[in-house]
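Peer 1: Here is how the chains run, residue by residue.
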Amino acid sequence: MPRPPMHRLMQKDKNAPKITKGRALKNTFWMFGRIRKYVPGFIFMVVLNGIISGINGAVEMLYVKALYDFIGQNISFETVLRLIAIYTLYRTFWYFYNTWFWQVYWTIAQEKLHIALHSDMFRKAVSLDLARYDDPKFYNDFIWSMDQAFPHAVNMMKDTSTLVFRVVSAVAISGILFTVDPIMAVIIATFAILRAFISTKYNKVNYEYFDASNPLWRKEGYIRRVFMLPDYAKELRATRVGENLYEDYVKTTDEKNKIVDKFKVRRSIYGVLSHTVMLFGETGLFIFVLYKVVTGATSLGTFSVAMGAIWRLSWTMRDLVVELQLLHEHAIFLEKVRKFTECKPEIVGGTLAAEPFEKLEIKGVSFAYNDGDKKALSEVELTINKGEKIAIVGYNGAGKTTLTKLISRLYDPTEGEVLYNGKNLKEYTIDSVRDRIAAVFQDYRMFASTLAENVAGGECAAEDENKVREALESSTFESKLEKLPQGLATQLTREFYDDGTVLSGGEQQKVAIARAFYKDADLIILDEPSSALDPDAEYELNRSIAEYADKKTVIFISHRLSTTRHADRIYMFEEGRLIEVGTHDELISKNGKYAYMFNLQAEKYRKQ
Amino acid sequence: MKKKREKRLKLPLRRIVSDNVFVLSLVRKAAPGLIFLRLSLIAVSAVTNFLSGAYLLRFAINGIEDGKSFREMVTFAVAMLIANVIVEVIFQTANNSIIPKKMNKATRYVHEQVYKKASSVELERYENPLYYNTLQKAVDECQTRVNAVLDTVCMTAWRVITFSANLGLLVAIDPWLLVFVIAPLLLTPLTARSNELGYKRTMDTKEVNRRRDYSRRAFYLADYAKELRLTRMPELLLKRYREAGDENVKILGRYGWKITGLNYISSEVRELFSCCVAFIYALYKTIVKKTMKYGDCIVVIDSIGQVAYTLADSANMLLRFQENALYIENLREFLDYENKITDGDKALPESGDLVLENVSFRYEGASDYTLKNINMRIGANEKIAIVGHNGAGKTTLTKLLLRFYDCEGSITYGGENIKDFKIAEYRDAFASVMQDYHIFALTVKENVVLRPLEDGDDESIKAALIKSGIDKKVATFPQEENTVLTREFDDDGVLLSGGEQQKIAISHVYSKQNRFVILDEPSSALDPIAEHEMYKRMDEACEGCGMIFISHRLSSAVMADRIYLIENGEVCEVGTHKELMEKNGRYAEMFHRQAENYAEVEENA
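Chains as they are written, first to last, in my numbering: chain A, 1 to 608; chain B, 1 to 605.
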């Protein structure tokens, strides 16, 4: 009684969408359509492989039958030799084909599928509206798609091959059985179907069992992570919170035992049933064929066919059910990938190329991240002219960063409009807008690539290196640059290189700012540009920015008012509304919220 | 530049055995009888499987030839059926109840060891990449590997029994058959070479995949989304991605053909020996010589291929043991490691000052000292500010105070070296809010006290939540203080904003009796109003205990009883704000610079 390995059917997506059988089938064909485009010939080869494997199984069966039949018969040994020779020759081809298919064809086709599928998805991902990332459900599905699209596509191909293989086998084995002995064929088919039926039930119970254990595994995984990651190490030492987590872990093992108890009877019964059905079938068949051989009604070859077939057919039947179910699961999953691939971006460019910056007007702009959310901005009106230095200040959550996202057209306003040189921002091509407007956000990221590429925001040709150098100088990074032995070619992060350079928070911030300077945009937006710097460095950077951006238009965003007080105009935001406007002096003499905030911060420095 | 590359590790056979035995003895200790139970089930099952398979077939067909009664054969078959059913019932029942429970017990025991070690081992093991790899693997894989070791042992047992039984039968039929089984072993070098190539292929593609996966991560993580839209980075990443893919295709093609060749030759030759030639031999003896019985010939046809394969594949079984052993090396190293920072036996004094004398500290593997000759006193009731630039060594200092690392020079509390105290007791005298505090997937209550709940905690927790100003928010949670935070394993868990998380973290300080409170830049995420309020409350909370306050914003240092300015790992100025301003040194310079932009107001005021 060979035991088949635990099937991979057990991994289940908790949030799988519910779809009809018809839709599932359509999804399958939709994916086939894509795969055909990604790797031409892959589907053909996979189906062909299923057929060849199925036929090979039948040939093996017939060969062994023939050998059995030779025994006890008056046959010339030459015939025996001839058969073995022919079969050996056949096997030579078969082995070659089989190793070639899995070792060469499959690995390469799989890799090609990986590249083509992901390239397609990456392009799609970048074209998505940023707003999509704010929708947690969409984002979850998106991450899931990016992670799982490939494994599902590959498994779909594997399962298709197995399905074809099983169908061909079922047909071939039944055919052989019928020609050998129709009664025996019926007995075997009955047992195989019965077994397949019980196995399906057995799988279902197992599925439920794993489903019930799944949350516990998730919990265990979390606890393991806490003990493993350096992030938590300090807290585990400074406090006794490790004991809480260990208690939780112990509880999950108790829970696991409860689940074992809950399922033990059903799992055992179905497990025993699905195997004993086969044992009875096998023994019955054995006695039946033995009787026929003893009475001389059949040859020994029937033995091999019968005993081989009952197992092969029952596996085949069970696998048919499982494979169909697996293909259905892939189809359910593909619903997510399909939804993601078919989702149309709302932020699309217009046709105009943005001319040099003159004026930016924000008219009656309101914005909410998701429908029904509290508005992040309401009815904002403001105008920024060429050459001005503008400060946007306010508390956390006042809507400052949101405003910059609208200006750089990462989002479109819910109401109102953003005018660039008098025309709606939507009328310009997105690329031209982003060439004119450069933004440095608080949550900048370094890419695992060279310093030059990080500044250039893409590939950096040799002739652009001077520009990169200048940008880094303006962001006061040059002293660090001098210390880097490979200069601009330095690899940032340790993703790929053990001796890659890891920059400190402040240094990263400077590179991010250099990125904006490099673009030579007309309008520069700096969101909390010095938050990671200590006061001395902050001071130096502010001076350097002022120098660099002398003729440019700059928007500073900060809640540290020391950085923003020299602005031409200060906009104070509170809960999404623009509440005060003016120069520093005007706002101080007005003695409103700005003045209060400024004094609060200055207070500590005044008590000398 | 040094590209990242995995090194292939090889272990001597003795070590492989001792590693696997190590895990088995852990399991034996935790769940006595488990190994015996699993192995005996396997043994019984393998024997009945053999008897009702090859043996029964031979018995029956030889029986026909010998003219045995049909009844006798049926009796044997039915007896085997009954035996099989009984074995099946026992097997299934055990596998679905006793065994998983015992396995739970075993993994729980291993986890207990690992978790205990993980929370007591020096912080250095986490922070120093030299050691972290071992720790990470030890913790990460302890669940899967314990199972893997047991499974490999059981599978080997199954194979050994089945193999010996079948081989025994073959030898009993005709000793010469042994030749056909053993001959394919000559191909072992080919198989080994193929395995080697397979391993190299994995390693070569692994390196390329690292680049590939990085691009993938950059494309899907929300963190990168803005940059990808604002720069031309996507083109570069996509190009790198495709290059990596092309490189993989080349690697796969190169190895694929070699492996195909080797596998082809070895399986072909094996089949030639164990099937083709062995079949001819057996059929010749049966049909022509008529010295081999029918049933015997059938057994040869049925099983010789499998027997030869099992033998040839034994190298692969060994590989599995080796793979497990490589992991167990990590686990053993981790569990056997003796902590260098150990408990003392003195009781904590009633109260006292924290005094640092000539403290110097260098991280292992670093060439420079992070802290040099630090002399410092933190009075039982004092507010001490430690200021300085980023990277000056401020955070390292807090790690020394909490004894996460031991240092040169001495740190004493109440006159006793802190090495003489019990670590847990000593650390419990502190409450700290680090720059990178975490919220755990535990209840609000547990997140506040950060230890198992005890009777009478409820009141102090409530008070702490009120003090940190998060009580009203907590009251809106579905189960109030008993609500589980984060969505780690509960999709309906409560998610907190950054500010709210910080308030929960600060509640911890309020919830217990502290002798010292350490605040490491706790206000960086707060806007000025929230920051102001937090300081006010902290001041109140630290009434009666010492406070160590770390910041690079000097405005917050003004109120301190004493300020230590640290530069390049050394204390360069000490004094009150007033003293330091009068001294007109580095501190005054920094302060003026930061105050510059506010200075006008000062004049106006």
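Just to be clear, a hint being listed does not mean it is correct.
Claimed, not checked - Label pairs and their in silico Cβ distance ranges: (1) B:A43 / A:A212: 29 to 35 Å; (2) B:R320 / A:D520: 58 to 64 Å; (3) B:T476 / A:E586: 38 to 44 Å; (4) B:T576 / A:T583: 55 to 61 Å; (5) A:E463 / B:D492: 52 to 58 Å; (6) A:N214 / B:T476: 25 to 31 Å; (7) B:D492 / A:F32: 34 to 40 Å; (8) A:K18 / B:A43: 46 to 52 Å; (9) B:D492 / A:K18: 58 to 64 Å; (10) B:S40 / A:K18: 27 to 33 Å.
Honestly, the hints are just simulated from the structure, not real lab data. Quick reminder that beta carbons are idealized off the backbone N, C-alpha and C, glycines included.
Peer 1: Hint by hint, say whether it matches the structure.
Peer 2: Hints versus structure:
1. B:A43 / A:A212: 29 to 35 Å: 32 Å, holds
2. B:R320 / A:D520: 58 to 64 Å: 59 Å, holds
3. B:T476 / A:E586: 38 to 44 Å: 41 Å, holds
4. B:T576 / A:T583: 55 to 61 Å: At roughly 37 Å between Cβ atoms, A:T583 and B:T576 fall outside 55 to 61 Å, so the hint is violated.
5. A:E463 / B:D492: 52 to 58 Å: 56 Å, holds
6. A:N214 / B:T476: 25 to 31 Å: This hint holds: roughly 30 Å between Cβ atoms.
7. B:D492 / A:F32: 34 to 40 Å: Check passed, 38 Å falls within 34 to 40 Å.
8. A:K18 / B:A43: 46 to 52 Å: Since the Cβ atoms of A:K18 and B:A43 sit about 47 Å apart, the hinted range of 46 to 52 Å holds.
9. B:D492 / A:K18: 58 to 64 Å: The hint (58 to 64 Å, Cβ to Cβ) is violated, given that B:D492 and A:K18 are roughly 20 Å apart.
10. B:S40 / A:K18: 27 to 33 Å: Hint violated: Cβ distance 46 Å, outside 27 to 33 Å.
Comparing the model with each earlier hint shows violations of hints 4, 9 and 10; every other hint is respected.
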